[in-house]
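There are 2 protein chains.
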Amino acid sequence: MLNKDIIIERFQALQDDICQKLESLDGVGQFHQDLWERPEGGGGRTRIITGKHIEKGGVNFSAVHGEMPVKICKALGIEPTRFTATGVSIVLHPHNPHVPIIHMNVRYFETVSGLWWFGGGIDLTPHYVDPLLAKQFHMGLKVACDLHDDTYYPKFKKWADDYFYVKHRKETRGVGGIFFDRMQSDYGSKEENFDYVMEVGNSFVQLYSDQFLPNYEKPFTDREKAWQLHRRGRYVEFNLVWDRGTKFGLDTDGNIESILMSLPPVTHWTYRYPYNEREQETLDKLMKGIEWINYT
Amino acid sequence: MLNKDIIIERFQALQDDICQKLESLDGVGQFHQDLWERPEGGGGRTRIITGKHIEKGGVNFSAVHGEMPVKICKALGIEPTRFTATGVSIVLHPHNPHVPIIHMNVRYFETVSGLWWFGGGIDLTPHYVDPLLAKQFHMGLKVACDLHDDTYYPKFKKWADDYFYVKHRKETRGVGGIFFDRMQSDYGSKEENFDYVMEVGNSFVQLYSDQFLPNYEKPFTDREKAWQLHRRGRYVEFNLVWDRGTKFGLDTDGNIESILMSLPPVTHWTYRYPYNEREQETLDKLMKGIEWINYT
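So the sequences go chain by chain: C and R. In this note's numbering, each residue carries its 1-based index in the first sequence increased by 845. In this note's numbering, each residue carries its 1-based index in the second sequence increased by 845.
The set of hints was computed from the structure by calculation and includes no laboratory data. There may be inaccurate statements among the hints.
Some chain R residues well away from chain C (every beta-carbon gap over 12 Å; in silico) [what the hints assert, rightly or not]:
1. Arg855
2. Asp879
3. Lys916
4. Arg927
5. Lys1012
6. Glu1062
7. Arg1077
8. Val1081
9. Asn1084
10. Thr1127
No more than 30 Å apart at the CA atoms, straight line, and that leaves these computed lysine-lysine pairs for DSSO-like [said to hold, decoys possible]:
11. R:Lys987 / R:Lys1012
12. C:Lys1092 / R:Lys919
13. R:Lys916 / C:Lys1015
14. R:Lys987 / R:Lys1003
15. C:Lys919 / C:Lys987
16. C:Lys1092 / R:Lys1015
17. R:Lys1133 / C:Lys916
18. C:Lys1133 / R:Lys1070
19. C:Lys1070 / C:Lys1035
20. R:Lys1070 / R:Lys1000
21. C:Lys1012 / R:Lys1130
22. C:Lys1003 / R:Lys916
23. C:Lys1012 / R:Lys916
24. C:Lys1092 / R:Lys987
25. R:Lys980 / R:Lys849
26. C:Lys1012 / R:Lys1133
27. C:Lys1015 / C:Lys1003
28. R:Lys1003 / C:Lys916
29. R:Lys1092 / C:Lys1003
30. R:Lys897 / R:Lys1012
31. R:Lys919 / R:Lys1035
32. C:Lys919 / R:Lys919
33. C:Lys897 / C:Lys849
Ranges of calculated distance between the beta carbons of each label pair, as one might list FRET restraints [what the hints assert, rightly or not]:
34. R:His877 / C:Gly888: 28 to 36 Å
35. R:Asp994 / C:Pro914: 50 to 58 Å
36. C:Glu1062 / R:Asp879: 35 to 43 Å
37. R:Tyr1120 / C:Arg883: 39 to 47 Å
38. C:Arg883 / R:Gly872: 32 to 40 Å
39. R:Asn1139 / C:Val957: 20 to 28 Å
40. C:Lys849 / R:Asp1031: 39 to 47 Å
All of these numbers come straight from a predicted model, not from anything done at the bench. The beta-carbon is built from N, C-alpha and C at its ideal position, and this holds for glycine as well.
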């Protein structure tokens, strides 16, 4: 029967598999691993790559356990209990501004008292939005979702639009993707939910390759590089101001270097960046509710 | 009698005076002004400099008014009312890593229902902590405070240690300074409080010159520049994760470009930055409770 040890093992194997394939995609860079332990129980494997084409990437696995913080028990309306939380988190910042930033997360949570759920998501942040590549990305996500339940893609796509939103800029982080949380028995058995989550995890490298391969060798201008560095600022703003996962980690004394591996290697903030027409076109597409799969 | 119009006028004059003196300090850069209006009432003058020595600086004045957001009335435990808030905010990021980042803010708030208070602060963020320069900075603040009340410096110095704290890194933002808020009649008359706040504002340029002039022409290595770009990451983390002023602005739909002028022009995040001995010496001094004025 599916239990947390199996999930932990499968998440570790997923991390291994993704790292190996990303090294092959980059061609030069290799992941450097840091093992860490959490004083209260559990730990993780943080893997960072500084590659030829992936300027900075992190593929992190963690599995932590211990007493649930009282504050969180109260927020969930449950009695004090012990918990296990495990997951794989990825953020890749490419050198080439024509390659999008990508993020993926799959996670599982359970308490000794019997509560459990899955969560996760993948979203894409192109520096220049290419509607055909956005469509391809969303088609890939839809295929992975439909294999399990054809209500998932529309529901989780909308959830991503709402979640990956830089509220103070009134713009989405990128072209979205899928986001889901608290996936419990109302979504199916634990086994079914886990199969879906692994489907998402296993789809990651193909989805990224489809964005990476057509673009990573494209020539780019200084202006395009500057635009990338500027857009990375929005990525930082989202992660530090709005991302609940990051905030939870910072509030609860998580492994800071591991949590903040998502921040870009080099970032520019320019007061009132002077957008050109092509940059404005991208900004105009950073909105909720675009049905990328219908793009023609 | 002192009223909000006089305070607004004096804050505007303070902005003018500081901008003029900073231009003279930089020698080349000039402030570019953006006037903005708040749909609900009031507006501001955002002034940005991209100088020869001040890589990116903002000296902002604003005076806004209107109905108090219901949420804030509730938080303050008061009936719905109209408010006016005005202030001057400064952040300067120098080119030279031997020159510290500096921040200053003075502010005044009142409601039609008769509530009023002042607030403000100055704090210094050296990329390399020089205890003698930190001492000089704190001595200058103490002198300005003692002219009004000799309990202010020790009280507001401690408040700054607690406020300018990057909690998730367990380090102070820099060598601190002073911070004060809700300065009401328990601190003296409105006139006395305002005199103190203007003293703080008027001390800014001298305090900064004392840091800037001995350092702005010092040669620096690539390693020192890289360290500066790394340390700026902590500045971003503080402002986006912990700074209440920034969060308030982002939550309440403030002038985003003006609020985020505090973010550095170029910032690096490196996973597990490999500190050398001299960098570690600075990190060791980023703690609360150091009595810089006693340094010998």
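Here is what the structure says about each hint:
no.: 1; hint: Arg855; verdict: 26 Å, holds
no.: 2; hint: Asp879; verdict: 7 Å, violated
no.: 3; hint: Lys916; verdict: 16 Å, holds
no.: 4; hint: Arg927; verdict: 25 Å, holds
no.: 5; hint: Lys1012; verdict: 8 Å, violated
no.: 6; hint: Glu1062; verdict: 25 Å, holds
no.: 7; hint: Arg1077; verdict: 9 Å, violated
no.: 8; hint: Val1081; verdict: 6 Å, violated
no.: 9; hint: Asn1084; verdict: 9 Å, violated
no.: 10; hint: Thr1127; verdict: 18 Å, holds
no.: 11; hint: R:Lys987 / R:Lys1012; verdict: 26 Å, holds
no.: 12; hint: C:Lys1092 / R:Lys919; verdict: 25 Å, holds
no.: 13; hint: R:Lys916 / C:Lys1015; verdict: 21 Å, holds
no.: 14; hint: R:Lys987 / R:Lys1003; verdict: 12 Å, holds
no.: 15; hint: C:Lys919 / C:Lys987; verdict: 36 Å, violated
no.: 16; hint: C:Lys1092 / R:Lys1015; verdict: 15 Å, holds
no.: 17; hint: R:Lys1133 / C:Lys916; verdict: 27 Å, holds
no.: 18; hint: C:Lys1133 / R:Lys1070; verdict: 40 Å, violated
no.: 19; hint: C:Lys1070 / C:Lys1035; verdict: 45 Å, violated
no.: 20; hint: R:Lys1070 / R:Lys1000; verdict: 35 Å, violated
no.: 21; hint: C:Lys1012 / R:Lys1130; verdict: 36 Å, violated
no.: 22; hint: C:Lys1003 / R:Lys916; verdict: 28 Å, holds
no.: 23; hint: C:Lys1012 / R:Lys916; verdict: 18 Å, holds
no.: 24; hint: C:Lys1092 / R:Lys987; verdict: 36 Å, violated
no.: 25; hint: R:Lys980 / R:Lys849; verdict: 35 Å, violated
no.: 26; hint: C:Lys1012 / R:Lys1133; verdict: 33 Å, violated
no.: 27; hint: C:Lys1015 / C:Lys1003; verdict: 16 Å, holds
no.: 28; hint: R:Lys1003 / C:Lys916; verdict: 28 Å, holds
no.: 29; hint: R:Lys1092 / C:Lys1003; verdict: 26 Å, holds
no.: 30; hint: R:Lys897 / R:Lys1012; verdict: 33 Å, violated
no.: 31; hint: R:Lys919 / R:Lys1035; verdict: 25 Å, holds
no.: 32; hint: C:Lys919 / R:Lys919; verdict: 24 Å, holds
no.: 33; hint: C:Lys897 / C:Lys849; verdict: 37 Å, violated
no.: 34; hint: R:His877 / C:Gly888: 28 to 36 Å; verdict: 50 Å, violated
no.: 35; hint: R:Asp994 / C:Pro914: 50 to 58 Å; verdict: 41 Å, violated
no.: 36; hint: C:Glu1062 / R:Asp879: 35 to 43 Å; verdict: 40 Å, holds
no.: 37; hint: R:Tyr1120 / C:Arg883: 39 to 47 Å; verdict: 23 Å, violated
no.: 38; hint: C:Arg883 / R:Gly872: 32 to 40 Å; verdict: 52 Å, violated
no.: 39; hint: R:Asn1139 / C:Val957: 20 to 28 Å; verdict: 52 Å, violated
no.: 40; hint: C:Lys849 / R:Asp1031: 39 to 47 Å; verdict: 56 Å, violated
Violation of the numbered hints given earlier is confined to hints 2, 5, 7, 8, 9, 15, 18, 19, 20, 21, 24, 25, 26, 30, 33, 34, 35, 37, 38, 39, 40; the remaining hints are satisfied by the structure.
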